[in-house]
Amino acid sequence: MRFSSPENEAVALAEAGEFAPLKIGPLAVWPPVVLAPMAGVTNYPFRSLCREYGAGLYVSEMITARAYLMGHRRTLLLASSQPDETPRSVQIYGTDPKDVGEMARSLVDEGVHHLDMNFGCPVPKVTRAGGGSAIPVKPRLLARIVRAAVKNAGSVPLTIKVRKGIDDALLTFLDAGRVAQEEGAAAIGLHARTAAQLYSGEADWNAIGELKSRLSIPVLGNGDIWESFDALRMMRATGCDGVIVGRGCLGRPWLFRELAEVFDGREPAQPPDLGGIVAILKDHARRLVAFFGEREGLLHMRKWCAWYTKGFPGSASVRDSLSRLNTFEDLERELARLNPREPFPRSALRAHRAKGSRVQTVALPENYLCSRDDDTPPRSIHSSEDLEEWERSLSGG
Amino acid sequence: MLPLFLEKIALVGALVHTLEPATEPGPAAVIIEADRIAAVVPPGDPSLAGLRTIDLSGTHLVPGLIDAYVNFDADHDRLYLSHGITLVRDVGADLTQMIAERDSLARNRNPGPSLLIAGAVLDGPNPATRSAIVLASREEAVDKLSRLLELGPIDFFSFHLGLPEPAWRATIEFAHRQQRPLQVWGPLPRGVSLDAALAGRQDGLFHLDALLPEGRTWETVLDSELRAVVEKLAKSELAVTPTLAAYAQRLVPPRKDLPELAYLSPITVAQWLGDAAQREQLYNKSPELLERGIKAFARQSALVAELHRAGVRIVPGSAAGQMPWLLPGEALVNELKLLVRAGIPSADVLRLATEAGARHLGFVEQQHGSIRAGKTANLVALDTDPREDLASFARPRQVWIRGRGIGAAELRTLRDSLAQRQKELQKLSFAPLEIASPQLPPGELVLSGLCETTFANQRLRGERWAVVRAIDGGLYYCARILSFGTASTADTLVTLQQKVLDNQLVELKFEVQSGPRVVTLEGELAAGTLNLQQRLNGVFQKSVRIRERMLFLDTGSVTADLILGQHGRVGAFKALFLEDFEPAKGDYSLSVQPNGERWLEAPLGKRIVEYAVDGSVAKVLRQQGNGLVLTKGLSAEVSGEPSARLSNPRAAAGAADNSKAANPAPR
Ligand SMILES: Cc1cc2nc3c(=O)[nH]c(=O)nc-3n(C[C@H](O)[C@H](O)[C@H](O)COP(=O)(O)O)c2cc1C
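As they're listed, the protein sequences go chains R and L. In terms of my numbering, the first sequence opens at residue 39 and continues consecutively. In terms of my numbering, the second sequence opens at residue 7 and continues consecutively.
In isolation and in its complexed conformation, chain L is listed as follows:
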């Protein structure tokens, strides 16, 4: 790190591009106090007397860049800073994680760029991602959004195209009505035309595709149609994040030997390489696709330039973290270069990614985007003039993040240690699993084992589980689940114990440590009602009463699948699952294949379960994105009296088809 100062410091000697309206770059000193810009003064100003100084002679001092479209990942923090990006806007992920991350104290930990969050992405029924918040109707939108804002500061709303039109409308009205009005960004919701979006006052659009008239492609769209779109937008306040770099990266062969891959998590690298292989196949089979992509890109570039000329708000964003082969940090610098190549002058592009960007994102401009007294001290010192060359953002001399200076050498160290961690993670994936056994309730241990869950050959979590037969004949399914952290986040541990009696969940103990929080959910069946108590860090939060029969709690633990093998019956049933640690009742549907496999439809997606004869789970397959998450039984051990053993789910398969479960019980 550059020296830290408790007192004011002055950055002197640089040519300062404040990006404030109607000012030209010129020699100036920038005074920083704590995490803010205290003043911008002429060189030699009396107020500089006695201040400590940092000499930035020969550099250009500019506000840090804004990447208005990323999928946040703490692993990427150092990569953004290394490209002069000091503010990133996450378009929606895991709600609680994002709220915790947004805290500037959390941001200072490693340190990372300032963060704007949407919390979770909004979507309609059958959401595209697990962490989405489903708004099915107008009423639900208002209700859930109010609760969302109570959870913590949200900076804007972001939605998927499945958001139903009434909920979309309600979201915009709700967002604009807030004391600090929030923007609403997304693609065009299904069934909403561009005209409707303009009339409905959506604030921003992701990706240029949203601008294509209905039924048109980039090949068939007429110039006159695009001109009409430009004219329409020019009269509106709608902002557009074009993501040219995201389109462009599809048109060059992926650089599989890219040294920067070392900074990414093993899972990300596996996904990217998978994508590269798929793409190679596709282009080999239909080379004309590439040709068409290149032509489309020419039109997209031309359109962006037209939009800019017409005064449409363009807010650069990279889509890093969302699409493969967009390296966080580098992707935004590429985006800026592509905007220049499309015909927008460098000086304009710099403004779009700083001052104008902040302004077009609403209240963000109060803190970011320019070098002005009172704003956050997020600055970048470059070796070349960004009005002529934006590429030097890829190797800034110094980056100031909330008043803390980081030099090029320190950035390099931070990146190197990130690469080192990723390497270690990769090794760890093949090390033996070390998980202590879960605590066992009273009763007879009948089966225990170990399984691991992998994605793209990388281990996501390991689970040690056990089944205990209680005196009353009920079965306890217990587990300790260790989810592996990333280079930037710690491992998390979940402990779970579910008791099933008469094919019904009668007792539950669940504890998860997630970040600074320990959430517990605990309870029993009494008088036909499952009474669950939720605690946060040991403090009682609320009770949840569930009157319907539930079969299990479904959290990704294999205990649910073990229960399914013993007590699951073909057809529909209900079970609990967690929505942001809140228990929710879910509709499940089970079918049994002739080979004994169970196919399960669940609120969080489909899965296929295969059992061993001892009742243990041999394999569970789930789909996630375009990959498969695989849970594999590594070992299982039968113990106790033969009479107490679990039934064979494979033998039960045939029987289940005839509705004669091995463990018949009244419903």
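For reference, chain R alone in the conformation it holds in the complex:
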């Protein structure tokens, strides 16, 4: 019997030829699935893990152009990859066309295959400075930034990722779509929520359909793909060309295997039980430690442990100590206390991971709405101290 939540029980598997590979410039991505850029999450260790389960395009977390250009070590690390990763995809965050262009150029020189740009970040610190999801409010500024990126990316395809808008009263995605298409972006991804919504409520897939109907470049739908069948439903409902999967894969990298299966018309295998998950978790921990070093790698591991064990009734007792990990031995000792035969709980399929159900009033710069036609980039960071603080405050889009 299919292991899914009720709404997906009757969803038909993909028919042969029903969906086409996602075309992003010269890249043909099959299945048409993209791992969402997620700050603190989609670093090389996690991307490499996901890749072993499935196929698709796996995007780095957002990399701030200024920090990258100033040679900030951690930023360079987060932007980095290994030769086994193809295609290699990096998400750029920047508000200054010059910086963004320079960063695109430098990444292309390093051999990157795909570039994405984040215009959906709702973090107050970002929007208050006129960045992130505030940029599409000024279509001419958006155009300048995208133009600079596309120009410097040369033959490497560049896509952009946006939200629906600031809030329901200020929707920007249709303008952003037009700009993306006019300025030569290879595709646009839409997280079908407003910045005010953050991650709460349900994503508005209708908006994805509306955007798709207006554009000739590929549209990527994003929001609330928790199960592989959700991807089929989204593509059928909206006509979008591919999906971006975010929180659904946190602690569930096998979601990419399931996605590959349903797009190939096969019923997905059962999810692993807790024993299987512990093995994946350790593998993930080893990758993080190899990449970040033990201290930092295990710090990262704390949140992953919560995601991997989410919804397992028997894991409650160890979850607390897992959130205080310091060494690999700590990790092994705590994991040994779990019951390996506990099956994956159906209720965990759609349990929200990372980010709560808060909403916000989006902070914009003063008088921002009075000059929507303006194309002056907001001031960007210049000193190393500002940069440190900036990097600390980010948690993505």
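Note that these hints are calculated values from the structure, not bench results. Among the hints, erroneous ones may be present.
[Stated by the list, open to error] Listed next, the in silico DSS-like pairs over lysine-lysine satisfying Cα-Cα at most 25 Å (straight line):
id : chain 1 : residue 1 : chain 2 : residue 2
1  : L       : Lys343    : L       : Lys262
2  : L       : Lys625    : L       : Lys580
3  : L       : Lys591    : L       : Lys150
4  : L       : Lys638    : L       : Lys612
5  : R       : Lys136    : L       : Lys433
6  : L       : Lys14     : R       : Lys320
7  : L       : Lys150    : L       : Lys548
8  : R       : Lys189    : L       : Lys429
9  : R       : Lys189    : R       : Lys61
10 : L       : Lys429    : L       : Lys638
11 : L       : Lys515    : R       : Lys136
12 : R       : Lys163    : R       : Lys136
13 : R       : Lys136    : L       : Lys429
14 : R       : Lys189    : L       : Lys433
15 : R       : Lys320    : R       : Lys348
16 : L       : Lys591    : L       : Lys515
17 : L       : Lys612    : L       : Lys580
18 : L       : Lys580    : L       : Lys150
[Stated by the list, open to error] One side only, chain L facing chain R, incomplete, derived with CB under 10 Å:
id : residue
19 : Leu10
20 : Arg58
21 : Arg84
22 : Arg408
23 : Glu416
24 : Leu420
25 : Asp422
26 : Leu424
27 : Gln426
28 : Ala496
29 : Gln519
[To be verified] Partner residues aside, some chain L positions facing chain R, computed with beta carbon under 10 Å:
id : residue
30 : Phe11
31 : Glu13
32 : Lys14
33 : Asp41
34 : Gly56
35 : Arg113
36 : Arg115
37 : Pro117
38 : Gly409
39 : Arg410
40 : Thr419
On a predicted model such as this, the values are computed, not experimentally measured, just so you know. Ideal placement from N, C-alpha and C gives every residue a C-beta, glycine not left out.
Knowing the structure of chain R, use the given hints to seat chain L with the ligand on it.
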């Protein structure tokens, strides 16, 4: 890139040549933390426990090389790193660009070798290069050098031979007096003998020619004279950068099909090929020149070996970027090989280009030159022992630059993408120019057009311009100028608007985006004074008041030439030009040829301007180095009422000879 680490890492397994005095190469581990060397410890040392390691077994780990003489170009960064060069010393270029580049953050961008800068080169009146700082006198030297140091960190001073003797003396005194004493390097200034240079305590000499006694050539100089020079230098602290490779490259036919040319900018390649053609002609005509060059080179080599034996400080430098056919990176490795061939042992040469080099460059040794805790982590892993073979620097296994490791494969990728960019640039030079029209002030548009400026057939910039007649009868000359970037630098955009009334500049708006800076210069004539305000990134910097009559602002924009065609009068006049974005008053002198050409003497060099009958500029020729910069009118369009049109500068030519300008106006 090799993996980047946030924590300490240890490079293990290599035979480490620390180049520290009185130490022999031996097995050791080098611990790197961020961009520094944290420690050098024996293999298996307890401090290595728990550290991540990079295995360099079978390699020789040495400090990165120093190239003490280059002309910086960001395009060359990857070529230096590809040859194990981790520190280059630029001998003077565009001041602001160099100050911005020296910043190690800027260096990490692509990434490139660490950089020492002289800022701009120092010179006397009639400087040899445009970007030189002119020090005419002692007073001017002290004044301008103090201001230079305020602009940003300068690592040493470098001068051309036109620097007047008193200014040269003042420069050395000033440099040595600094809290962190700076060295002064150059050739011998005109009229200063080697003895005087030694007595005056100049720190370093570029090129061996400076050592020839007055009136001697490499053919006529006597062995005894050279011996005397060696003895003198041996008693001094003067350092010499011989540039043998620069002499040697003149003696072999240029390799016109060299694959490495693909890494160079189209302009550089055009210049090099031009040089090759000239040289071929010269040697065909006078084959004995080659013969003589070869003999001279033998003596130069012998002299360098003597200098070394006598203990004179030799600091290897390539002159890459300055002379044709010296490939950045490769040229220094060649220089090292030539030093070996001259008779200096490999191990000594390695030391000259690392530890001793850093020491002889002054404070540089605190950061560079050897593998020691606290120094910058600039290292090279080689497959062969550099004491026996320096050639392997041309293909290092790994290069560590400020703690960031780059492997051979990554270096290759970086070079390939550089070649790719150069190829694209070359194509771009022939693509149609796309420049938006400048913003127009109120008035009637009378003439507009497009022109391009090329050098060695490569497009340097394009300019869209327009002339608008204002209600008061004055003429606005407006332009947007797009200067094309290189493989490593972005395009820059300049917007300019100058208004001329009664043959005088009465209003000016100028904006340039250069690197991270936006400089604007704006102002109007009021009560006979032109009040200009200078802003940097929108922030007011200062005002400049100009009381004399100026005809235009001369920035390389064709608007100045358009103005010249309408309002220029034979003889001397004054106009503004920019010295590092600072407005300066310049003396100009105009003559008109019978064929209508204007010949203009300007502070930044001579030029010849040809006009079309509609008043547009057909052609401007300027000399730059040994090439010609050509501005060509691509299109021009006359509009508006016939009565408002510009006058015909060609018709005015004859009249101008009789001092009857077409637009007579009181002076
Ligand atoms: C922890 C986290 C970090 C994120 N960081 C980024 C980011 O760096 N760049 C970006 O464009 N979006 C970022 N996002 C937004 C996601 O890419 C995605 O648009 C959002 O989670 C909606 O998709 P989902 O419903 O599948 O999770 C982040 C989301 C989360 C949960």
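Comparing the hints with the structure gives:
1. L/Lys343 / L/Lys262: Roughly 22 Å between the alpha carbons, so the hint for L/Lys343 and L/Lys262 holds.
2. L/Lys625 / L/Lys580: 23 Å, holds
3. L/Lys591 / L/Lys150: Holds: L/Lys591 and L/Lys150 sit about 17 Å apart, inside 25 Å.
4. L/Lys638 / L/Lys612: With a Cα-Cα distance of about 17 Å, the restraint between L/Lys638 and L/Lys612 holds, given a limit of 25 Å.
5. R/Lys136 / L/Lys433: Given pair R/Lys136, L/Lys433 holds - Cα atoms ~22 Å apart, limit 25 Å.
6. L/Lys14 / R/Lys320: 24 Å, holds
7. L/Lys150 / L/Lys548: 18 Å, holds
8. R/Lys189 / L/Lys429: Holds - the C-alpha atoms of L/Lys429 and R/Lys189 are around 16 Å apart, at most 25 Å.
9. R/Lys189 / R/Lys61: 19 Å, holds
10. L/Lys429 / L/Lys638: At roughly 24 Å apart (the allowed maximum being 25 Å), L/Lys638 and L/Lys429 satisfy the hint.
11. L/Lys515 / R/Lys136: 23 Å, holds
12. R/Lys163 / R/Lys136: 22 Å, holds
13. R/Lys136 / L/Lys429: 22 Å, holds
14. R/Lys189 / L/Lys433: Between R/Lys189 and L/Lys433 the Cα gap is close to 15 Å, so the pair holds against 25 Å.
15. R/Lys320 / R/Lys348: 16 Å, holds
16. L/Lys591 / L/Lys515: 17 Å, holds
17. L/Lys612 / L/Lys580: Holds - the C-alpha atoms of L/Lys580 and L/Lys612 are around 15 Å apart, at most 25 Å.
18. L/Lys580 / L/Lys150: Holds, at roughly 24 Å.
19. Leu10: 4 Å, holds
20. Arg58: 7 Å, holds
21. Arg84: 9 Å, holds
22. Arg408: 8 Å, holds
23. Glu416: Holds. Min distance 8 Å.
24. Leu420: Hint holds; L/Leu420 Cβ to chain R Cβ min 6 Å, cut 10 Å.
25. Asp422: 9 Å, holds
26. Leu424: 7 Å, holds
27. Gln426: 8 Å, holds
28. Ala496: Holds - the Cβ of L/Ala496 comes within 10 Å of chain R, reaching about 6 Å at its closest.
29. Gln519: With Cβ-Cβ at 8 Å, under 10 Å, it holds.
30. Phe11: 7 Å, holds
31. Glu13: With Cβ-Cβ at 4 Å, under 10 Å, it holds.
32. Lys14: Interface hint status for L/Lys14: holds (9 Å vs cutoff 10 Å).
33. Asp41: 8 Å, holds
34. Gly56: 8 Å, holds
35. Arg113: 8 Å, holds
36. Arg115: Because about 5 Å separates L/Arg115 from the closest Cβ in chain R, which is inside the 10 Å limit, the hint holds.
37. Pro117: 7 Å, holds
38. Gly409: 8 Å, holds
39. Arg410: Status holds, d = 8 Å.
40. Thr419: It holds, given that the least Cβ distance between L/Thr419 and chain R is near 5 Å, below 10 Å.
Of the numbered hints given earlier, the model fails none.
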